[in-house]
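Respectively, the protein sequence lines represent chains A and B.
Under our numbering, the residues of the first sequence are numbered 1 to 292, in order.
Under our numbering, the residues of the second sequence are numbered 1 to 178, in order.
By construction, these hints were calculated from the structure, which means they are not laboratory data.
One thing to keep in mind: the hints can contain errors.
[Unchecked claim] Lysine to any residue pairs mimicking SDA-like chemistry, simulated, CA-CA at most 25 Å apart:
hint: 1; chain 1: B; residue 1: LYS41; chain 2: A; residue 2: ASP93
hint: 2; chain 1: B; residue 1: LYS54; chain 2: A; residue 2: ASN162
hint: 3; chain 1: B; residue 1: LYS41; chain 2: A; residue 2: THR59
hint: 4; chain 1: B; residue 1: LYS20; chain 2: A; residue 2: TRP204
hint: 5; chain 1: B; residue 1: LYS10; chain 2: B; residue 2: PHE83
hint: 6; chain 1: B; residue 1: LYS157; chain 2: B; residue 2: THR91
hint: 7; chain 1: B; residue 1: LYS54; chain 2: A; residue 2: GLN39
hint: 8; chain 1: B; residue 1: LYS41; chain 2: B; residue 2: MET133
Here are the chains, one letter per residue:
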Amino acid sequence: MEIPSYLPKNLDELDSLLRGVTSPVTYVAGGTDIMIHEQRWKSARCLVSLESVSEMHDTLRFDEAGVLIGAAVPLSDIIRDEGVRQQLPILVDACRQIGSVQIQNRATLGGNIANASPAGDTLPVLSVLDASLWIGPRERGEFQKMKLPDVMLGPGLTSLKNNRYIAYIYLPFPEPDNLFWYFRKVGPRYSMAISKLSLAVLGWLEGKRLLDIRICAGSVSPQIKRAGRTEELLRNRPLSREIIEKADGQLREEIAPISDIRSSSDYRRQIAGSLLMESLTALIEKKSAHEF
Amino acid sequence: MKITFNVNGKDRSLELSPQKRLLDILREDLELTGSKEGCGKGECGSCTVLLNGKRVNSCLVPAFQLPGSAVITIEGLQNWPGFQLVEQAFTEHGAVQCGFCMPGYVMSAVSVLQETPLPLDLKEVKFRVAGNMCRCTGYSKILEVFMDLQNRKDLLKAVHQLLGKTDGNTLISAEKSG
């Protein structure tokens, strides 16, 4: 029997549609992930497109402090956007390394989050950017605001029960003075590869002093979490080769990678530490951290 | 469910399952077998088509999201003035081996020419073509084609005419004049 499917045109239509639906719905933004998970795709009982929801598909709205991105904006629109390129080059870098242009023309940030893969390429970057996720349906006209670790709970697992959906992602601009950033994905090739491991670093260096730092590795734990203890070790300290080596050791200890088809646990620990060293050593050597 | 969308300039109304893949609709319902299935997972690019002017993997587009869209397949380029130029470049460089991946490469070649400010260097071209695979592995020749096409001004003009509008009108007029 044919399953029902809906193409709500805007958020109001989406929310009123959901009030009338009691069974679980399967949301489809760009479809690039869900359609290849045959079991999940075939077992869908009701399809709701998020691509058709104009606010979610079209919104890239800047205010003084940040940018609000619709959860169903195609990655290629984010990559091309002049404002995002200027303010959040680390996000552009991560988006460009997802799949291929064909994929980027359909895939979305909302999909990358809701798919909840520890290898999701944008997740470490969204984490160091301190993203807020706006969750619908709206209650009394308001979205619920949540942080990434409260939404992405583990592989394929989110807290989005009862047909809740990600409507927007809000990214505050990091304070631009003394800012440096680093993103690197390690995979068998540059494009079209599921990452073995990725590392996102955002920090502020004044002279030799590391004022603050945010570190998040991807594909190293079931949840996307910042490396709090490593950050603590580095925060408000003068940057030296000694402290960088300590941070390498701390990060290796702090993450909990598994061994799987793409990499061994040992390899992931080692590389995570090495990438962190690479990003910080570049600062000592006065290279900009992303010139690799 | 009844789904109406535009393929190569013609409106089509078809009775389809909402989960049917665009690739299968093209091949089975419309008998447009130029788009090929290599992997069915969005990795090989053999099924690349233009959806509302942007290249996508047709194996990853479900029927229920198609209403009102405009799709251009390799067949739709047949009477487009730029096609001969693209075809010529692929043959001149000896870039075609078994040919299975070629419809996808041609769609990407056309699309690349309107995606980014040109000219692209080889590194960027490699990046832009990463979503297409050739298992005969004639990559260096294919990359030569992509580098070469950027320099053909008449082709750039034809691409602009084709993709400046995505409602298929350009194709219709091309078909009439062709």
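- Item | Given hint ASP93(A) paired with LYS41(B) - CA-CA distance at most 25 Å | holds, 23 Å
- Between LYS41(B) and THR59(A), does the CA-CA distance stay at or below 25 Å? violated, 28 Å
- Query: Is the Cα-Cα distance between LYS157(B) and THR91(B) 25 Å or less?
  - Reply: It holds: about 21 Å lies between the C-alpha atoms, which stays within 25 Å.
- Can the restraint linking LYS54(B) and ASN162(A) be considered satisfied, given a maximum Cα separation of 25 Å? Cα-Cα ~34 Å, so violated.
- Message: Hinted pair, alpha-carbon criterion (25 Å max): LYS41(B), MET133(B). Please report holds or violated.
- Response: holds, 13 Å
- Query: Within a Cα-Cα threshold of 25 Å, do LYS54(B) and GLN39(A) meet the stated pairing?
  - Reply: This hinted pair is violated, its Cα atoms lying about 28 Å apart.
- Message: Run the distance test for LYS20(B) versus TRP204(A): straight-line Cα separation, threshold 25 Å.
- Response: violated, 50 Å
- Message: Hinted pair, alpha-carbon criterion (25 Å max): LYS10(B), PHE83(B). Please report holds or violated.
- Response: holds, 19 Å
Checked against the numbered hints given earlier, this structure breaks hints 2, 3, 4, 7; the rest are met.
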